[in-house]
Amino acid sequence: MEFQNAHILSAQQLNTEDIEKILRIAVELEPIAQKKLTSDLLRNKVLAALFYEPSTRTRLSFETAMNRLGGRVISVVGMDNSSLKKGETLSDTARVISSYADVIAMRHPDAGSLTEFSRGASVPLLNAGDGVNEHPTQALTDIFTIEKEQGRINGLTIAMVGDLKYGRTVHSLSYLLSRFSVKLIFVSPPELKMPDTVTAHLREKGVYFDETQNLEEAIRKSDVLYMTRIQKERFATEAEYRRHHGVYVLTKGLIERCNQHILILHPLPRYGEISSEIDELAGAAYFRQVENAVAVRMALLYLLLGDGDND
Amino acid sequence: MEFQNAHILSAQQLNTEDIEKILRIAVELEPIAQKKLTSDLLRNKVLAALFYEPSTRTRLSFETAMNRLGGRVISVVGMDNSSLKKGETLSDTARVISSYADVIAMRHPDAGSLTEFSRGASVPLLNAGDGVNEHPTQALTDIFTIEKEQGRINGLTIAMVGDLKYGRTVHSLSYLLSRFSVKLIFVSPPELKMPDTVTAHLREKGVYFDETQNLEEAIRKSDVLYMTRIQKERFATEAEYRRHHGVYVLTKGLIERCNQHILILHPLPRYGEISSEIDELAGAAYFRQVENAVAVRMALLYLLLGDGDND
Amino acid sequence: MEFQNAHILSAQQLNTEDIEKILRIAVELEPIAQKKLTSDLLRNKVLAALFYEPSTRTRLSFETAMNRLGGRVISVVGMDNSSLKKGETLSDTARVISSYADVIAMRHPDAGSLTEFSRGASVPLLNAGDGVNEHPTQALTDIFTIEKEQGRINGLTIAMVGDLKYGRTVHSLSYLLSRFSVKLIFVSPPELKMPDTVTAHLREKGVYFDETQNLEEAIRKSDVLYMTRIQKERFATEAEYRRHHGVYVLTKGLIERCNQHILILHPLPRYGEISSEIDELAGAAYFRQVENAVAVRMALLYLLLGDGDND
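Residue numbers (this note's numbering), protein chains in the order written: chain A, 1 to 311; chain B, 1001 to 1311; chain C, 2001 to 2311.
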């Protein structure tokens, strides 16, 4: 795809070449994300961070990426402070924000919101999470982390564990991985299975995947274990949430018994799914993921804003 | 007036010469607002954006203006995060914020708040909306847009439509227009008529104005149609709000039938008052207004902060 | 202590030499805080301002300090926008934020929170108020103000008035003053006395202190009067709060009758404890304190981030 001025709404937009381009630039920008080098690459550019849903990490990750590239940030946090409250259409908001910013990163609790917003956006828009739908910049971070830690993506067996129904990161990650030669294992309670839209896509692309409730077996068979949080905010009732929370908990004993070399990822925040004693394992990569995320978002901001000659 | 270090609390402060000066500088700074040029004009200056009332567009507009001029921004959004909650006087808050910022843009739900705040402010203060009272920087944007679109202000007939009682933008716009040779038509339900303070001012200045409920006739007679939103938050009860919402709705048919060349403005957000099919009309200038607002606020920040030799 | 990369969690960490070093650098950076000089000392550095408790002044003070030194700021305001809501441990949050920022300033309603957070923080952490426990950067500001206004700290008699039990600033100030040769007078209702942990520390350090309910006598005996607010949010019930609010109110008459040369400090916001007629007295230094706070926080940011060769 042509990145300059494009919207990144779904991981489905990105083919292998696109993904590799993003990862290549992320590698180049990594020393800036790691605070080893400084940069003014996006000087005089303005990012609008529109977070219509509580978020700390993703918003700060984007804001950090923009600031460390020398750009500026304007932010909206929470529904209360938004014109949405006043009944404005997302398309109108998009036209307005496009007058201010050079690029927009947006999170919204409703699945279709980003698409609606994109209709009015005349500057590039990055999906930073749209309800239970997708979270493509997180999935790119996941891919980047896997490649960095394992040296490759092709040939790997990757297990995704937890709430696969409402977990938007595993949707986007599945779409991205469908571009590679991998085996997927989906571990979840039956009620929280990967949605049909995702599995249909995988079948169409000829990606092998298995669905199971057996975490232990999945750990034995996999190179990468992608844990997710059971997200309270996705359930209608407290009771429904409580029934699922705590179903899959990773302990050090379990890892050591089944597969001590497995790479463990998590989009964070974790809420008990990964025991803190696991943090010291070499394969526990979830905090390295956080740092990688800044580099990946830098790469996306840079690609969407062009190489500076659109100043 | 002498702009440097002045407070802009009301449109009434500005005479024709002042308005023209602001518009002239806004024209000069427009390429920066339009992202065509970059600037460090206000490098090392700090804007405090104090928004004690929900707002997205005005706050982001000010923050964008400051950022694109190379300055920095510190923000307070919402009552909850403020010391106001702790019972501090506005004058005390003003003295404190004056120690931090070089210039302050402030919105507050109470009409007299800005004046009270200004007593403690030792740096220039910009009224970004004080309850139902005024919104001078929006009105300057409106004037700027009219002049840009029509080539002049003098000689025009301008209709203002909707909630003229609680709509602070039309108050400030009326004050500004009283400095020019214009005819005004105020279209509203009887309960939402332009306040006496404004009409008395217009009479004193010898400005012709007409008050009517007839939108269609106003469209026929006017060069400019200034639509406003019926603002839910200004009414005591939901019922009172519902009674007025939807009284004046602009459709494409109405415009084409009555006056297809009319210039249509709206401070936004709109909430159904302007049908989206109107957006494609040449005269639909409300989204261009948004871009103009950044240039106008840049001009104000620049004027209040002086020309850089107060570094 | 070695400042570079250190956490400043408590005033107890700082010995006389440390305090003097901070004050010395604050004096050097003061012209920048006072907007007389500009700086790029912390260019390319990122401050994370994490305020899990309502705050305007301390957050904006830190953000101003960072911005005026050329650095960048990312902010979290209020519990609602935080991952804490999602049940993440403070240590996890700290590891994440450490990937983004070069330095963190944090406020939290719980006393032990900063210590817990510091376990995960790999970048320097500044305590910006942890519940009823401490507020060391405010206390450093107080010391800086006393030295600036009186020319010395040793030999002074300093009275602290109000809610000494829940008032974190007076705890930190007592710890700092225990490094100097001073006399302290604690004026409070019996239920709001200085906590035992603080008085035990003072006894151990051999600092003279007196506890009384008599404000008038304290004013007569002191060189410095440190007023505090009775903080509503620290009391379990409205009734308990109301019983204490308004116990100690400073009037101009009282000051003129008892000790017209006394230096009056207050961490602000004030809530009636100091009558506004006092503002005009030469000894009323609480608004100068606000300006001093920016310089002191600049000094801390500079010291923790090193002298630039860690770029």
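Mixed in with the good hints there might be a few duds.
[Unchecked claim] Some chain A residues close to chain C (C-beta under 8 Å, calculated; not the full set):
(1) Ser-61
(2) Thr-199
(3) Leu-202
[To be verified] If the Cβ cut is set under 8 Å, some of the chain C residues that face chain A in the computed set are:
(4) Glu-2002
(5) Phe-2003
(6) His-2007
(7) Leu-2009
(8) Gln-2012
(9) Val-2046
(10) Arg-2072
(11) Glu-2088
(12) Arg-2095
None of these hints come from the bench; they were simulated from the model.
Even for Gly, the Cβ is constructed at its ideal location relative to N, Cα and C.
Structure-based check of all given hints:
1. Checking Ser-61 (chain A) against chain C by beta carbon gives a least distance of about 7 Å; that is within 8 Å, so the hint holds.
2. Checking Thr-199 (chain A) against chain C: minimum C-beta separation of about 27 Å lies over 8 Å; hint violated.
3. Taking 8 Å as the C-beta cut-off, the interface hint given for Leu-202 (chain A) is violated, the closest approach to chain C being about 29 Å.
4. Taken as an interface hint, Glu-2002 (chain C) does not check out: its beta carbon lies about 20 Å from the nearest beta carbon of chain A, beyond 8 Å.
5. With its C-beta approaching chain A no nearer than about 18 Å, Phe-2003 (chain C) sits outside the 8 Å limit, and its interface hint is violated.
6. Hint status for His-2007 (chain C): violated, given a least beta-carbon distance of 18 Å to chain A, over 8 Å.
7. This hint is violated: Leu-2009 (chain C) has a C-beta 21 Å from the nearest C-beta of chain A, more than the 8 Å allowed.
8. Hint status for Gln-2012 (chain C) relative to chain A: violated, with the closest Cβ pair at about 28 Å, above 8 Å.
9. The beta carbon of Val-2046 (chain C) comes within 6 Å of a beta carbon in chain A, closer than 8 Å, and the hint placing it at the interface holds.
10. Hint status for Arg-2072 (chain C): holds, given a least beta-carbon distance of 4 Å to chain A, under 8 Å.
11. Here the hint on Glu-2088 (chain C) is kept, as its CB sits about 4 Å from the closest CB of chain A, short of 8 Å.
12. Given the 8 Å rule on beta carbons, the hint for Arg-2095 (chain C) holds: about 5 Å separates it from the nearest Cβ of chain A.
The structure fails to meet hints 2, 3, 4, 5, 6, 7, 8 from the earlier list, while all remaining hints are met.
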